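Undergrad: Taking the hints into account, I'd like the entire structure generated from these sequences.
Going down the list, the protein sequences come from chains S and Y. The numbering used here applies: residue 329 is where the first sequence begins, and numbers increase by one. The numbering used here applies: residue 329 is where the second sequence begins, and numbers increase by one.
Calculated from the structure, these hints are not laboratory results. For clarity, every value in this text was computed on a predicted model and none was experimentally measured. Incorrect hints may appear among the rest.
Which copy is meant is left open, so a pair is good if it fits within one copy or across any two.
[Claimed, not checked] Okay, derived cross-link-like pairs now, BS3-like style, lysine-lysine, Cα gap no bigger than 25 Å in a straight line: (1) Lys-807 x Lys-945; (2) Lys-407 x Lys-884; (3) Lys-383 x Lys-945.
Take a look at the letters that make up each chain.
There are 2 protein chains.
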Amino acid sequence: MSATPHDALRAWFLGPRAENADLVERLVTEAVRDHVFWRRNYHPEDGAVIRETDKRSPGYEDAVATLTQELMGLLAELKRDVPFFSGRYKGHMLWQQTIASQVGYFAAMLYNPNNVTTEAAPVTTRLELEVAAQLARMIGYEPARAWGHLTSGGTVANFEALWIARNIRYLPVAAAVACREMGLAMEVTRPDGRTAGIGDLALHELLGLRNEDALDVWHALRSAVPRAEWHERIDRHTLAWAGYQEYTRELARQFGDPLPDGVVLVAATAHYSWEKIVRSLGIGSRQLVFVPVDRHFRLDPDALWARLTALGARRTPVIACVSVCGTTEESAVDRLDLVLEVRERAARELGFSFHVHSDACYGGYAAAVTRGADGTRRTAAAIRADIGTDWPDDDWLRAMAALERADSVTIDPHKLGYVPYPAGAILLRDRRARELVAVDPPYLTPSDERGGEERFIGRFIFEGSKPGAAAAAVWLSHKVLPLDERGYGFLIGRTVAGARALHAALGDDLAPFRLARLPVPDINVVCFVATHPSLATLAELNRFNEAVYRQLSLNKPGGDPEYIVTRTRVTSPHYDGAIEPVLRDLGVATHETWQRDPGGLVVLRATVMDPFLAERKPATDHVAGFVAALRRASVAALGPESLRGW
Amino acid sequence: MSATPHDALRAWFLGPRAENADLVERLVTEAVRDHVFWRRNYHPEDGAVIRETDKRSPGYEDAVATLTQELMGLLAELKRDVPFFSGRYKGHMLWQQTIASQVGYFAAMLYNPNNVTTEAAPVTTRLELEVAAQLARMIGYEPARAWGHLTSGGTVANFEALWIARNIRYLPVAAAVACREMGLAMEVTRPDGRTAGIGDLALHELLGLRNEDALDVWHALRSAVPRAEWHERIDRHTLAWAGYQEYTRELARQFGDPLPDGVVLVAATAHYSWEKIVRSLGIGSRQLVFVPVDRHFRLDPDALWARLTALGARRTPVIACVSVCGTTEESAVDRLDLVLEVRERAARELGFSFHVHSDACYGGYAAAVTRGADGTRRTAAAIRADIGTDWPDDDWLRAMAALERADSVTIDPHKLGYVPYPAGAILLRDRRARELVAVDPPYLTPSDERGGEERFIGRFIFEGSKPGAAAAAVWLSHKVLPLDERGYGFLIGRTVAGARALHAALGDDLAPFRLARLPVPDINVVCFVATHPSLATLAELNRFNEAVYRQLSLNKPGGDPEYIVTRTRVTSPHYDGAIEPVLRDLGVATHETWQRDPGGLVVLRATVMDPFLAERKPATDHVAGFVAALRRASVAALGPESLRGW
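TA: Pasting the structure below:
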């Protein structure tokens with residue numbers, strides 16, 4: 329690859345010292361003036377409402393004074409905000425945003441389009457669909473078959489994905505009841521590939537069809553019934569219409585078969601918002617089944633198979649399995665390829681299938697690493713040669729390439745897309761699924777429904793009014809940083825190189841302190857635990873790491889921290905599969921004492937979104953600087969006596 | 329009141345001809361430079377990562393060229409966006425945004441704080457809570473008792489409100505089961521004021537407690553059980569934990585009393601998103617009970633009483649009643665005071681209560697009209713004298729003042745708050761309710777939970793990452809335009825005056841055409857139907873109005889429309905109570921023919937958010953201009969022969 333991205337990277341961001349201040353100011357001013365003259369060119373015959381003489385009135389002058397004064401107050405307040413832009417920030421998933429996204433957001437915000445409908449956003453709704461198609465192509469979805477849109481963030485995107493997954497899962501039941509009522513015979517394909525009459529399937533079989541087969545039968549049924557009768561003959565039997573309470577009773581009545589409740593399997597490392605999601609959807613926390621992770625914090629496929637076997641034996645419907653691509657805490661990338669293999673095996677051997685969702689809110693953009701400039705997949709060897717690390721291995725590439733076979737994927741542009749909040753995205757492999765959440769507003773005429781995607785995307789999404797500016801931000805950013813080795817692929821590759829350099833340096837001799845590192849991350853979040861020979865118990869160790877965290881946070885007692893990190897808590901049972909080597913390394917607690925402690929193990933966490941970290945020049949070397957600061961923070965946390973004898 | 333707001337108004341917005349371009353450019357530049365120097369002042373010893381020599385590399389220059397080029401492309405595209413800023417735009421709920429909000433958003437966006445936690449947004453989370461407290465004070469909530477936050481918009485805010493309402497409704501059931509298991513006696517207050525042992529209440533009685541009594545019993549129960557045992561002894565019995573399927577069966581098992589499903593009552597004019605919300609929550613569309621509206625498109629309190637009586641007779645639990653303050657289509661303001669009276673009567677006479685939510689996403693900011701500069705309520709007479717109209721009457725004031733007694737209220741700053749997307753808000757009258765949706769992320773230590781509101785507001789909200797910039801935008805706008813007669817009250821009063829002027833002018837002689845007007849609006853959305861003597865059927869009339877709409881929309885065949893409006897469809901049964909006078913006026917359809925037509929009645933809709941409309945000077949008089957344009961659009965829609973003989 330040419331050296332171009334290396335230099336381009338320097339033009340993508342304002343810079344830690346606002347090195348590109350002139351560029352940003354020029355573009356922002358351009359956007360303001362361009363908008364100003366657009367207003368003036370619109371029906372110039374209308375004349376001015378605000379005259380120059382009005383501007384000399386005391387009321388006008390007071391208002392301008394108030395505005396200026398209060399803005400100065402806000403700017404002063406913002407000075408106490410977090411310096412995400414700096415190489416010294418290694419906390420949450422935040423760094424600088426691309427200039428393209430900042431300027432794109434601002435330029436479109438002056439127009440304030442509302443992407444709920446083309447009527448209120450003729451330009452930016454198109455940009456939103458383009459952006460979704462770009463993300464879909466990046467992960468390998470067929471653009472003609474897929475569909476996606478932006479959301480306010482990952483929680484809403486994941487919520488929508490699980491809502492859709494549930495709707496798909498229960499469709500065949502509604503179809504079977506509808507067929508029975510209408511005396512209609514209809515064939516379905518079972519997970520093992522054999523066909524059967526829909527009326528011959530037991531309840532748990534109906535709830536175990538493959539997604540595509542469920543959607544097929546639904547569409548076949550709709551084609552067999554005139555549109556005007558859909559509600560009365562079909563939709564009335566759906567969960568969306570009946571609600572859970574009625575549905576639960578109806579299942580018992582119609583099938584005489586009170587199955588266990590439908591469950592959602594999630595990787596034990598899944599974001600805590602999944603609990604909010606199942607609670608609000610009415611699925612219930614109890615039905616959230618955590619699948620253990622392995623030592624790399626990745627969902628353990630064997631454990632998944634064991635769970636599925638047990639659930640199958642009790643005929644428990646599986647609404648979905650949520651695999652994670654880039655965990656919030658460790659940036660671990662589940663072996664999605666193996667998860668999908670397990671699903672195939674379940675279809676063959678256990679006779680049921682389910683929706684597989686990849687929560688790639690954090691890691692999704694890393695798929696850009698796998699794409700060459702011509703859009704083809706790169707080999708792991710080629711990527712390694714470029715980045716100059718032993719990352720990624722072939723398994724990582726297989727896991728990322730498997731995204732194209734997940735039923736739905738969520739990716740947050742406001743995380744590794746380096747764009748301002750708010751920007752989440754949901755992608756569906758089969759666009760037919762979006763119909764399952766469609767609700768029509770009163771102003772949508774029947775004629776609008778044809779080609780309704782172009783006109784009114786609000787029909788297919790959970791949210792209503794939403795900023796077209798977010799779509800413009802992501803769109804412009806993708807134009808400047810393509811979703812391949814020339815753009816985001818390069819950028820994220822640099823952060824991985826930085827994370828690995830940091831991980832290596834954390835192994836340096838810091839005697840008498842020592843850093844017990846979690847495994848080398850799958851992307852760019854480095855986790856570790858600081859320790860000292862005097863710490864004998866888990867409680868002492870946790871207190872010490874909390875104190876180190878405070879030294880390296882904005883809450884540092886008495887001043888400005890040298891660096892900023894975050895911390896998390898690794899608790900049982902979620903981390904049972906991953907904790908053993910860490911505990912052994914630390915030597916202060918057994919698996920049992922750790923399991924009994926509700927505080928778990930406090931782990932320090934450094935997110936490396938800074939692409940300059942790996943360079944270690946020409947400015948401050950923040951790898952070495954961070955390690956040195958960690959040692960000073962450790963001394964401050966444990967007191968000067970911790971150095972006695974050293 | 330002084331003339332000050334009249335002049336201040338001219339400084340609040342960029343202006344239809346960008347009259348305040350200099351001001352905006354100055355403030356935006358100030359924000360950029362201020363941010364730039366913040367970066368440079370942070371650890372200046374770190375040195376520059378991007379050197380001036382780097383900027384001379386071809387890769388850098390290419391990247392800048394691409395960025396500039398693509399931004400120009402975006403700016404060119406945006407020219408085809410909707411001219412919301414103009415007096416000619418009378419479509420959706422959009423006009424200009426306040427300069428304060430635009431600059432505030434941009435200034436904070438450069439910092440990109442994430443309001444999920446103070447760790448990622450120490451400044452703007454505080455601003456968000458301030459803004460919520462301001463809105464709470466405006467509607468009359470007790471600040472110490474209330475709680476609120478911003479959301480991405482009205483759908484998520486309403487979703488969260490109903491989620492919370494459901495959780496409250498089912499609490500006493502969980503409490504009763506928990507008490508039974510623990511052998512605990514606990515007193516509760518019944519809706520009629522008498523007390524009873526919780527174990528003595530039947531299921532439908534438990535589901536009919538007042539919100540505050542339900543929260544009281546919950547807190548009493550929690551106090552009686554050590555914290556570590558909450559999950560095992562209490563929370564395990566909640567709907568959030570068990571999920572609907574298990575809960576449905578559990579109710580039957582524990583109480584031997586399979587009640588009808590819980591329903592949600594909504595005004596028939598409620599936004600279509602309520603259907604999405606009940607579907608996703610698992611309540612089901614079938615349980616969404618529409619309450620008829622009266623001739624002013626307001627929820628009919630007598631109809632509500634009739635519904636409640638019928639539901640009570642079948643012992644159907646009522647999860648919530650959603651009243652609307654400012655309907656999307658007509659800006660109708662429900663008589664919330666009467667809705668609350670009906671609830672009191674139900675508690676007394678029918679023995680059950682329920683959550684009352686006001687969907688004030690559109691109309692909430694109009695409460696600013698009712699506040700004097702000192703925060704006290706103004707009289708209707710005083711407001712009328714100021715605005716110079718016969719609006720508002722005492723009933724309107726009673727309805728707005730009743731917001732302080734609703735259990736929850738949602739208000740969108742990105743509608744009548746004139747701030748950019750995304751900004752919705754939810755307010756809870758009793759802050760204890762927020763605990764019912766709390767989910768803790770792994771990095772929240774037990775010590776964080778005390779005073780957790782300040783530290784981690786993400787705990788109590790549905791969404792996760794969200795833009796602190798939105799909070800800064802609303803905050804700065806409220807600083808410049810206070811939520812009383814000097815700021816938003818004045819602004820919205822002007823739009824009401826404009827809407828009434830427009831409504832009056834639509835009664836002008838446009839022969840041979842005629843505009844059948846819906847009633848004078850409660851706020852500022854004017855609805856009407858165009859007609860002509862040659863139109864004999866509802867279908868012809870609808871086709872004609874669709875054609876007029878096309879002439880006055882960006883889809884106008886062959887060019888730029890003179891004005892821009894929207895249209896909606898008034899269908900049965902939702903509008904049964906309101907349609908009679910309109911149909912009589914039009915004379916082309918009976919109630920029955922209208923009811924049979926799935927297309928309903930097409931109604932043209934003009935939203936007046938332009939505060940300058942009422943002035944009709946010094947620029948183009950857009951009242952007269954709009955009426956004249958309507959006539960031309962009608963001729964174009966029906967053809968020149970429509971004028972034959974006139």
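Undergrad: Hint by hint, note whether the structure agrees.
TA: Status of the hints after comparison with the structure:
no., hint, in the structure
1, Lys-807 x Lys-945, "neither (29 Å within a copy, 45 Å between copies)"
2, Lys-407 x Lys-884, "within (17 Å within a copy, 49 Å between copies)"
3, Lys-383 x Lys-945, "between (52 Å within a copy, 16 Å between copies)"
Checked against the numbered hints listed earlier, the structure breaks hint 1 alone; every other hint is satisfied.
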